[in-house]
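J.: Chains as they are written, first to last, in my numbering: chain Y, 1 to 198; chain D, 1 to 629.
FYI, nobody ran anything at the bench for these hints, they're computed from the structure. Check before you lean on any hint, since a few could be wrong.
In silico lysine to aspartate or glutamate, EDC-like type, Cα no more than 20 Å apart, as pairs [said to hold, decoys possible]: (1) Lys546(D) to Asp43(Y); (2) Lys138(D) to Asp600(D); (3) Lys551(D) to Asp36(Y); (4) Lys563(D) to Glu526(D); (5) Lys546(D) to Glu40(Y); (6) Lys173(Y) to Asp192(Y); (7) Lys140(Y) to Glu85(Y); (8) Lys602(D) to Glu566(D); (9) Lys563(D) to Asp43(Y); (10) Lys551(D) to Asp192(Y); (11) Lys551(D) to Glu14(Y).
Reference excerpt, derived from the structure (chain D facing chain Y, CB under 7 Å, subset only) [claimed, not checked]: (12) Lys24; (13) Lys551; (14) Tyr552; (15) Thr555.
Across the chosen pairs, the derived CB separations fall in these ranges [said to hold, decoys possible]: (16) Cys126(Y) to Leu544(D): 32 to 42 Å; (17) Val154(Y) to Leu544(D): 43 to 53 Å; (18) Asn513(D) to Thr124(Y): 52 to 62 Å.
Note that this is a predicted model, so its numbers are computed, not measured. C-beta atoms are modelled at their ideal positions from N, C-alpha and C, and glycine is treated no differently.
One-letter residues, chain by chain:
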Amino acid sequence: MKKILILFSHPRFEKSRANRALIENIDKVEGVNCHDLYEEYPDFNINAEREKELLGNHQIIVWHFPFYTYSAPALLKQWMDVVLEYGWAHGSKGNALKDKIAFVALTAGGTRESYAANQHNQFTLCEFLRPFEQAANLCKMIYLPPFAVHGTHVLTDQQLAAYADSYRRLLGKLTTGEYDTVSVSRFEYLNDWLSNKG
Amino acid sequence: MTSTFLSDALIYLAAAVIFVPLAKKMGLGSVLGYLIGGMIIGPFFLGFVGQEGKDIMHFAEFGVVMMLFLIGLELEPKTFWRMRRFVLGTGIMQMGMTTFLCFVALLLAGLSWQASLACGLALSMSSTAIVMQTLREKGLMKTESGKTSFAVLLFQDISVIPILALIPLLAVSGVKAASTGHASFIEGLPGWAQTLTLLVAVNSVVVAGHFIFVPFLRFIARIRLRELFTASALLIVIATAYLMMLVGLSPALGTFLAGVVLATSEFRHELESDIEPFKGVLLGLFFIAVGASINFKLIMENPLKVMALVGGIITIKSLVLYATGKVSRLSFDQNMIFTLGLGQVGEFAFVLFAFITQLQIISAESSDIMMGATAITMTVTPLLLLMNERLILPRFGTKEALEQKEADEISSEHSVIIAGFGYFGSTIGRFLRANGFEATILDNDSDRVDLLRKMGFTVFYGDATRLDILKSAGADSAKILIAAIDAPETNLDLAERTKKAFPNLKVMVRARNNLDAYNLLDMGIEDIYRESIDTSVRFGVDVLIKLGVRKYTATRAGQLFIKYDEASFRQLAQHRHDQEAYLVNIREQIALQEQLLENDRKASPNIHDFAWDMDAEIKNTPDMNNNQG
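Please put together the full structure from these sequences, using the hints given.
T.: Here is the structure:
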């Protein structure tokens with residue numbers, strides 16, 4: 001069984017309806033550990049050694065954040081800069097994260113359709129997430145497609161509950177390890193993989 | 001009458017205003033300034049004041065009375081209880097040995113045993129007024145020598161009560177005190193009854209304090225007239241003093257007791273700030289009167305006798321004090337300050353000598369010589385302390401500066417100087433050191449200096465406001481001076497001097513509160529650090545977190561508030577001089593608090609932006625396509 005570490009980064013979690021639905025009680029899913037970065041490091045003073053130890057104890061890393069101005073909140077960038085050290089996470093001797101799975105889980109105000117060429121946001125979500133994809137590659141990790149909740153402010157409570165449910169099912173499924181990462185990678189979103197298979 | 005009063009007031013105040021600043025400029029301390037001023041206007045030099053000097057002294061003794069009231073106020077019974085062993089131990093040792101040695105010496109000089117004992121007791125007293133004032137000016141109250149001095153002085157001040165009660169028992173039987181001038185109730189009584197009266201009087205002050213003064217002050221406080229409260233505070237002090245005089249007891253002790261009783265009441269701080277200025281002025285007057293009363297004629301007539309007496313007293317007292325200091329484990333420097341600081345005979349001796357003479361235990365002439373010697377010891381003490389500071393300690397005690405071991409070390413002078421290495425300065429110093437920046441430290445606590453030197457710090461010992469010490473600490477070449485001394489006035493003084501003398505040095509100053517900070521701003525100092533702001537806000541942030549606010553939101557709110565507060569403080573500072581001048585700091589403090597709260601209400605310094613706030617966006621632009629989550 002694989003253990004999942006959610007690196008949750010939200011500077012205003014108390015105001016976020018969508019993320020509350022996704023994150024609440026997520027720890028109760030077996031094998032899932034939710035690490036609330038803004039609560040742990042309100043002063044941005046990240047304890048790199050502790051983070052490395054946490055990463056070592058888990059096989060699947062989730063960068064979970066609200067998609068602000070086409071990127072992650074500042075603290076997650078800080079985390080990546082501070083924790084993914086050369087010689088530990090990457091470089092010829094940096095193999096600490098090798099073969100671990102990484103993916104992004106995010107909430108976005110815009111609809112899925114708006115993220116496309118010639119649409120409102122001009123680029124696809126996956127294109128915006130290239131830095132995460134390549135960071136994972138750099139660290140010799142297996143990068144999976146994102147799990148995305150689109151159009152957060154037009155979602156009804158019921159729709160939101162459905163997203164929360166599928167997020168739980170996704171995490172549960174990933175902990176089993178009974179899947180082929182290469183075929184999973186062919187889907188644009190992990191949401192698609194989930195609905196395609198069952 | 002009126003014109004003599006005015007001319008007297010003119011002479012005394014002028015003497016204070018001229019000589020005290022002169023003495024301060026020469027580094028002599030205010031007490032010596034007053035004393036010298038007194039001598040010069042006295043009958044033997046300029047003769048501006050004649051024999052009425054004695055009357056002025058009686059009047060000015062009231063400063064001592066007020067001082068004891070304030071000491072009483074600062075002495076909560078709880079604090080006293082905690083110090084009891086220390087006070088008793090050092091006090092008994094000092095008074096017992098001094099009295100005994102003086103007793104033996106006077107007995108050998110041919111006085112009767114009763115006279116020797118009474119005078120010995122009087123001579124064992126030190127001057128609370130001089131010592132406290134000097135220690136406070138030098139910022140030494142919190143050092144070991146300061147604490148030990150306070151303990152011994154406290155014991156002496158309290159023991160005046162039993163001494164006054166016991167001395168009548170020494171009176172040659174049958175002789176009653178000659179009724180000179182004002183007769184008091186107690187004088188007509190036999191010894192045992194006088195003792196009894198004293199006990200009754202002391203107890204009635206305690207009872208009155210609890211059941212009359214406090215309810216009375218509460219009543220006055222409700223009327224909300226500030227000057228009426230000041231008047232009531234004075235009334236309590238004067239009434240207690242008067243009643244004690246009426247019974248024939250020391251007014252100082254009565255008010256001391258009243259002070260202790262009121263120390264636990266809610267009016268403690270207000271009483272303190274009300275009485276303080278009166279005390280200051282009257283004590284100054286007292287010192288001037290002591291200076292003026294020195295009978296140089298008598299000294300000229302018996303120079304050897306007086307010199308021997310002064311020398312003998314100071315030698316005996318110093319020896320005993322040094323031994324007491326050794327037993328209390330004071331280091332050499334601290335012990336020298338303690339020994340020489342308390343080496344004089346105190347103001348209570350005047351009271352005791354007058355009392356002893358009344359009881360005809362000693363003759364009026366011996367009493368005059370004794371009082372003359374007392375006044376001289378008072379004058380000599382500040383000089384001895386000065387010699388100690390400038391000549392003895394630099395040579396035998398903690399050095400002002402350690403000699404440079406090698407010539408090339410001079411080039412590695414530090415670019416930061418920290419003045420004052422108490423809890424505030426030491427934190428800055430430790431932080432800088434942890435980050436590879438060594439600082440030169442200035443401190444006036446010899447124990448701390450020794451410790452720091454052992455730890456390898458570069459430390460200069462002495463008064464940081466002295467320009468020569470600043471210079472030798474490298475103020476010419478340093479970049480930053482950190483003024484982190486405990487006493488705000490000293491920091492202010494230091495900042496002002498450095499700005500003038502070393503214009504290239506960046507001065508960064510610790511301020512205790514907004515008022516200090518305003519004064520610093522007025523001087524044109526930009527880098528001001530109010531000591532409680534960051535800690536209080538950090539405290540508040542943690543409270544928010546404990547109340548369930550997310551940590552990052554609370555942290556941001558704290559950062560925002562500090563910024564807002566800094567801006568608000570600087571904005572208020574500009575308008576400060578538009579207002580009427582505030583006479584009392586506390587009142588300005590309250591007015592300031594009011595302005596701040598008013599500002600807070602208008603500006604509401606909390607997070608009211610819409611950063612990362614998706615609900616706010618829904619309300620504003622429901623059809624936006626990005627930027628939210």
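J.: Hint numbers the structure violates, sorted upward?
T.: Failing hints, ascending: 2, 10, 12 and 17.
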